[in-house]
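Protein chains in written order, with the working numbering: chain F, 242 to 487; chain E, 242 to 487.
Treat each hint with caution, since some may be false.
Same chains, same names: a pair is fine if it fits in one copy or spans any two.
[Unchecked claim] Here are the simulated lysine-lysine pairs, DSBU-like style, with alpha carbons at most 30 Å apart:
no., residue 1, residue 2
1, Lys374, Lys261
2, Lys261, Lys347
3, Lys263, Lys326
4, Lys374, Lys347
5, Lys471, Lys261
Calculated directly from the structure, the hints in this document are not laboratory data.
There are 2 protein chains.
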Amino acid sequence: MNVSAALLVIGDEILSGRTKDKNIGYIAEYLTNSGIDLREVRVVPDIEEEIVAAINTLRARYTYLFTTGGIGPTHDDITADCVAKAFDVSIDVDPRAVEVMLERYKPEELNEARLRMARIPAGADLIENPISKAPGFMIGNVIVMAGVPNIMQAMLDHVAPRLRTGTRVLARSVDAAGLGEGIYAAGLGALAVEHQSVSIGSYPAFQSGGFRNQIVLRSRDEAALDLAEKAVIALIAGLSSDRTPL
Amino acid sequence: MNVSAALLVIGDEILSGRTKDKNIGYIAEYLTNSGIDLREVRVVPDIEEEIVAAINTLRARYTYLFTTGGIGPTHDDITADCVAKAFDVSIDVDPRAVEVMLERYKPEELNEARLRMARIPAGADLIENPISKAPGFMIGNVIVMAGVPNIMQAMLDHVAPRLRTGTRVLARSVDAAGLGEGIYAAGLGALAVEHQSVSIGSYPAFQSGGFRNQIVLRSRDEAALDLAEKAVIALIAGLSSDRTPL
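Pulled out of the complex, with its shape left as it was, chain F reads as follows (with noise of 0.2 Å):
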C-alpha cells in the first residue's frame, strides 16, 4: 500500500532568500524513512488567497498534506485562518491549546497576538509542541506545524505515530567508480528498462577535486532491488575494467 504526502511551506521569507529552508529536506528523508511517499512540495507566500488555493489543491491529491510556517502570534502568521477557510468550518481560541500554553505564559501574559497562537479550526486535533508550547494541530489528513525547524522537528515526532505508513521504499547506493555519467547512461537506461519494479537514479556529486556519480535503486520489493544492484554493479565493473574511452 502507498501512502502519499504533499509539503506546503508557508512564508515571504522563504521566497525573498532571506531565509533558508532547512525543514524540506528534513521532512523529506523522515518520511521515507517512515514510509510515506514525499510526492510534490510548494513553497508560496503569506497570501491567503494562494494559502487556501494550495491547501485545497493538495489535500485532495495526496494521503496527507503537511504544512509548515505561519502559525506565529504576528499578524503575518495566517496559517491557521487559512486552513478553517479551505475547510470552511469555523476557527476560535481554543481552551485546550490555552492550557497547554499556561504551562508556559502566566495567565497575564497570555495577551491577544499570544491568544492567536491557540486559535484552532474547529475540529482539529492538537500536535504537541515541547519547546514553546503553542501547539501545531491536525484536521482531516492537513497536518500544521510552525517554520522553526526545532519545533517543527519535535512536532512531526509527535504526530508520525498517528499517522498511515506504507510499505518503506528500499534503498541502494552504487558508486560509479569515478566514470563519467556518459560512460555508463546507455547500459544503465536498458537496465531500468529491464528491472520495472526499481527506479533507477543516477546524480553527479562534485566533491574538491573531482566528482563522484552515484546511482541510487530505490523499490520496496528488496528481491527486486537485489537482481537490480547486482547488474547494476556488474555493468560499473565492466565498464571501468575496459579502459577504452568509449
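Dock chain E against chain F, hints included.
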C-alpha cells in the same frame, strides 16, 4: 513594474530526501537582488506528466519560470523532453550544443547518452555552462538549468542579463532587542495596517542560549520604508524600556 518568477525543482532525489536542495535559497536571494519577485516554488518527481503540468501552469502565471535538474545524460533526465512537450515543439540534437560540447569532449566521446545533453527544444536559446559545457536553454519565458549547484549558478549568471527586471524590493531588518513576538505583535500589526506599501514580517531566530527575533520590512518605496522602519524602531524601543511583562 513588477517582474515575477516561479521555480520548478525537478527530481526524485529531492523528494526522497537523499539530496538536500541547495538551489531554492540561492535562486530566491539572487532573483530578489535582481529585482525579480520569486512568488512560488514547486518540487516535482521525475514523472513526465507532473513536470509538463507544472511547467504549463507556472509559465502561464509568472513572468519567468526557472527549472533546475533533469538535464544530464541518463535515462532519468527528462526535463528537456518535458519542456518540448509543454511547448508542443520538436526536440532534437542541436548543432550549437554539439559545438560547445566538442570543446570538452572528443568527437568519439560524444556517444548517444552524451548527445542527449545536446537535445534542445526547437526555438530555444542556449545558456552557457562554463563548467561542464552541456548547455541549459531558454524557451519563451522558461529558463532550464542544471541541478548541480555550481553549474546552476554559472547558468544563472549567464542568463540573468537577458531578463527583464523590475524595481528592486528594498529590505530593512530591525532587531527585536530580545522581546518575544507576543510582546510586540499588537503594535506591529497596527503598524502593518498604517504602512500599507511596506510588507512587515516578524521572524523568530533561535540562537544558542535563546532567541533573537528580527522584524523585516520590505518595499519598493524607499521613503515609505524609511518611515515604517522608524516607527518599528520606536515601537521596539518603547517596549524594551517598559519592563512590565506585557
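Structure-based check of all given hints:
Taking the shortest alpha-carbon separations for Lys374 and Lys261, both the intra-copy value of 24 Å and the inter-copy value of 29 Å come in at or below 30 Å. For a Cα distance limit of 30 Å, the shortest separation of Lys261 from Lys347 qualifies neither inside one copy, at 33 Å, nor across copies, at 40 Å. Taking the shortest alpha-carbon separations for Lys263 and Lys326, only the intra-copy value of 27 Å comes in at or below 30 Å, while the best inter-copy value is 33 Å. In this assembly of identical chains, the alpha carbons of Lys374 and Lys347 lie at most 30 Å apart only when taken from the same copy (13 Å versus 62 Å across copies).
For the identical chains of this complex, Lys471 and Lys261 are inter-copy neighbours only, at 27 Å across copies versus 39 Å inside a copy, given an alpha-carbon limit of 30 Å.
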